[in-house]
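Participant: Next come the chains, spelled out residue by residue.
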Amino acid sequence: MELTGAQSLIKSLEQQGVEVVFGLPGGAILPVYDPIIDSSIRHILVRHEQGAGHAAEGYAQATGRPGVAIVTSGPGATNVVTPLANAYMDSTPLVVVTGQVARSAIGSDAFQEVDITGITAGVTKHNWLVTDAADIPRVVAEAFHVATTGRPGPVLIDFPKDVANATTTWHEPGPIDLPGYSPPSSPDPAAIAAAADLLLAAERPVLYVGGGVLKAEASAALAELVELTGAPVVTTLMARGAFPDSDPRCLGMPGMHGNYTAVTAVQRSDVLVALGSRFDDRVTGKVDAFAPGAKVVHVDVDRAEIGKVRRPDVAVVADCRAAIEALVAVIRGRSGADAADPRRIAPWIALLDEWRQRFPLVYDAARDVPAGGSSLDGGPALKPQFVIEQLRDATPDDTVLVSGVGQHQMWATQFWAFDHPRTWVNSGGLGTMGFAVPAAIGAKVGRPDRTVWAVDGDGCFQMTAQELVTASAERIPVKIAILNNAYLGMVRQWQHMFYEERYSEVYLSPDLPDYVMWAEAMGCVGLRVTSPEEVRPAIDKANAIDDRPVVIDFRTDSMEQVYPMVPSGASNDDIVVHPSQQGLPR
Amino acid sequence: MSVQGTSAGPGRVVPMPGSGSGSGSDARGGRRLRHHVVTLLVENKAGVLVRVAGLFARRGFNIFSLAVAPTHDPRFSRISIVVDVESAPLQQVVDQLDKLVNVVEIGELHPLAAREAELLLLTVSADAVSRSQVIQLAEVFGAKVVDVGADALTLRFASAPEALDDFEEVMRPYGIRELQRTGRIALPKLGREA
Chain Z
4 MELTGAQSLI
14 KSLEQQGVEV
24 VFGLPGGAIL
34 PVYDPIIDSS
44 IRHILVRHEQ
54 GAGHAAEGYA
64 QATGRPGVAI
74 VTSGPGATNV
84 VTPLANAYMD
94 STPLVVVTGQ
104 VARSAIGSDA
114 FQEVDITGIT
124 AGVTKHNWLV
134 TDAADIPRVV
144 AEAFHVATTG
154 RPGPVLIDFP
164 KDVANATTTW
174 HEPGPIDLPG
184 YSPPSSPDPA
194 AIAAAADLLL
204 AAERPVLYVG
214 GGVLKAEASA
224 ALAELVELTG
234 APVVTTLMAR
244 GAFPDSDPRC
254 LGMPGMHGNY
264 TAVTAVQRSD
274 VLVALGSRFD
284 DRVTGKVDAF
294 APGAKVVHVD
304 VDRAEIGKVR
314 RPDVAVVADC
324 RAAIEALVAV
334 IRGRSGADAA
344 DPRRIAPWIA
354 LLDEWRQRFP
364 LVYDAARDVP
374 AGGSSLDGGP
384 ALKPQFVIEQ
394 LRDATPDDTV
404 LVSGVGQHQM
414 WATQFWAFDH
424 PRTWVNSGGL
434 GTMGFAVPAA
444 IGAKVGRPDR
454 TVWAVDGDGC
464 FQMTAQELVT
474 ASAERIPVKI
484 AILNNAYLGM
494 VRQWQHMFYE
504 ERYSEVYLSP
514 DLPDYVMWAE
524 AMGCVGLRVT
534 SPEEVRPAID
544 KANAIDDRPV
554 VIDFRTDSME
564 QVYPMVPSGA
574 SNDDIVVHPS
584 QQGLPR
Chain P
761 MSVQGTSAGP
771 GRVVPMPGSG
781 SGSGSDARGG
791 RRLRHHVVTL
801 LVENKAGVLV
811 RVAGLFARRG
821 FNIFSLAVAP
831 THDPRFSRIS
841 IVVDVESAPL
851 QQVVDQLDKL
861 VNVVEIGELH
871 PLAAREAELL
881 LLTVSADAVS
891 RSQVIQLAEV
901 FGAKVVDVGA
911 DALTLRFASA
921 PEALDDFEEV
931 MRPYGIRELQ
941 RTGRIALPKL
951 GREA
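Residue numbers (the working numbering), protein chains in the order written: chain Z, 4 to 589; chain P, 761 to 954.
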């Protein structure tokens, strides 16, 4: 069967089960856009290539399937570098196809030429420059294989225009032949037994659950492990929803803005079982002072994570689900003195409960702001945490919550209750402002059955808001709650705490731009909320709209800080709790 | 990746035969060795060297020296990298390299368990007075004269890297004009047990 390279590419994507791609055409990728017309694949035309990448990430995080983006060469390609880096940090499976100038022009500084495989080598699991149209089926099959297996991640296929135009014959890709790539398979039984020994002998165990548990679809196995051992769980920023917040054994999120109990439980644990988590600096604080008394079991599908930050006592290199299931099987097989005995940890659980009661997540009641005072209109200042709580209570339990990066992100993860895997979509490792709007679009495309809300900051929103035009045009009814505090709030918080309140370049203004007018201009419904009693009616109104995107401009208290906080580089023991809790015995 | 020695599971990096502990310290001689030799079997594909070198740069690992050449199998090349083990734990270097899709096999060699070799070309001043001394010294080391100029000689010397260091030191007083060394290559020492 004869076909063009471009047709071969689209056919290969169809064979991989791709149902949607996010993209934006241009010169070098033009040949690929012709067969898209005849393809079963839905193409969503974004307004900026960064939006294509983040939308593909949102799609992947919400569904577990790889997200796909197609962009042109040069600036189109460089505009997806941020999403690739973001996906690399957060282990999100992504396949990005970039156009490239013709093979004969490569290296000549041709129009819209960049060395995108060189640029992205450090932020992809692997990338390919296709130099022969006959290779296309094989390269696409390899790309999806690498993106989705082992520790998932982004890959890039660079596709010269003349290869796309070349005539080739179709042949089915054979079995994957990558001699240098083979993700670990089953866990080592000896390591699993050693892990079981440690966990069952522990008096103060904590399961430190990371994003790897979600990637491995290991939530059910984790629930079994908790049922069996009674061990308490902390879920990192990348793992929120991997274990339900509503379960009493879930302590919530550890780390820089984690709650007191989660942070301190990890800190005081005697056995810390890291499941698909990577001892990120936002979790450990000062590494030397992190969980000093804990023996560590580290389960990770990526061998290079083992010992990168903390040397484990037991290492299990395997997919989290396989490892946890093996651990459950071993523990079930134990009897007598070797068996799991939740009574052993009863005093620990009692202590954790005491902390939880003494140090819940709290925020001040709305304070009165005089008319014309600060950036607000006067009256009671709207607390951002209150908005999140109202949103949480007014939306379905399985709502997908998306966020950008900053204070609003931390309040969202703190005050939401995540009870299902893949209901939390955010930018963790890279901390990419502007992630929320395009990622919400991708999440909604992947999960049209779910309500998708994005909680965004005003600074973040301004970075990628143009994708709401995409959402309106494509009838993707996402809902955006801007916590508009008129500041780059997290930077402002650091300047407040560590730079003697010398605020440098963080003020944004609450009404420039006018978010409601901007939303309306992009085809969305725009609403504004300035007082607490307006919050719920506005959310209810937004929830009732299903034919277009909705943006709510919540004018929130500029002065609010995120508590608790472990200052950067400090020990987790030095966690700064909310001012109202600071005198309490620890 | 496939593996040196087939008993370990997939992805397992096994030290090459005779590999040392990886501590970088020399228990027998007491002299502290800061380097290890990591040898990579890589697919002969465009950009592989950039991927390997880029990984070192990105992760803050230091390269002492680097040698690349095709193997007897044209599908693969061998990259020998001398790694500064004080810049990063060796295991982390190896594990990160292992993640590169084009890296098929990794071996690491403790210098005490390896036969190492390096090649040097050196142009040294040698006038009528000093020429015979330089040639004599070259002979002592087993170096070869490969070019003769009016007031200089170019010498070629291949040996263990430490011998090259010594040779350089001996030649320095005569006035080294130009010097080039290749990267270090290494193979594991052979066992003598039957």
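Hints are computed from structural coordinates only; laboratory data are not their basis. Watch out, some of these pointers could steer you wrong.
Unchecked claim - For the chain P half of the interface with chain Z, some residues (derived, Cβ under 8 Å), not all of them:
(1) Arg-794
(2) Leu-809
(3) Gly-814
(4) Asn-822
(5) Asp-844
(6) Glu-846
(7) Ala-848
(8) Gln-851
(9) Gln-852
(10) Leu-860
(11) Val-861
(12) Val-863
(13) Lys-949
(14) Arg-952
(15) Glu-953
A virtual CB, placed ideally from N, CA and C, is assigned to each residue, including glycine.
Participant: Now tell me if each hint is right for this structure.
Facilitator: Going down the list of hints, with the structure as the test:
Because the smallest distance between the Cβ of Arg-794(P) and any Cβ of chain Z comes to about 20 Å, over 8 Å, the interface hint for this residue is violated. A distance limit of 8 Å between C-beta atoms decides the matter here; for Leu-809(P) the minimum to chain Z is near 11 Å, and the interface restraint is violated. Against a cut-off of 8 Å between C-beta atoms, the interface hint on Gly-814(P) holds, since the closest Cβ of chain Z lies about 5 Å away. For Asn-822(P), the suggested interface contact is broken, since its CB lies about 17 Å from the closest CB of chain Z, more than 8 Å.
Violation of the interface hint for Asp-844(P) is found here, the shortest Cβ-Cβ separation to chain Z being roughly 18 Å, above the 8 Å cut-off. Checking Glu-846(P) against chain Z: minimum C-beta separation of about 17 Å lies over 8 Å; hint violated. Contact between Ala-848(P) and chain Z, as hinted, is not supported at the beta carbon level, the nearest pair being about 10 Å apart and thus beyond 8 Å. Restraint check, Gln-851(P) versus chain Z: the minimum CB separation of about 6 Å is within 8 Å; hint holds.
Taking 8 Å as the C-beta cut-off, the interface hint given for Gln-852(P) holds, the closest approach to chain Z being about 6 Å. For Leu-860(P), the interface hint holds, the least distance from its beta-carbon to any beta-carbon of chain Z being 7 Å, beneath 8 Å. A hinted interface residue such as Val-861(P) counts as satisfied when its beta carbon comes closer than 8 Å to some beta carbon of chain Z; here the least separation is about 4 Å, so the hint holds. The closest approach between the C-beta of Val-863(P) and any C-beta of chain Z is roughly 5 Å, which is under the 8 Å cut-off, so the hint is satisfied.
With its C-beta approaching chain Z no nearer than about 27 Å, Lys-949(P) sits outside the 8 Å limit, and its interface hint is violated. Taking 8 Å as the C-beta cut-off, the interface hint given for Arg-952(P) is violated, the closest approach to chain Z being about 33 Å. Interface restraint check: Glu-953(P) against chain Z, minimum CB-CB distance 28 Å, threshold 8 Å, status violated.
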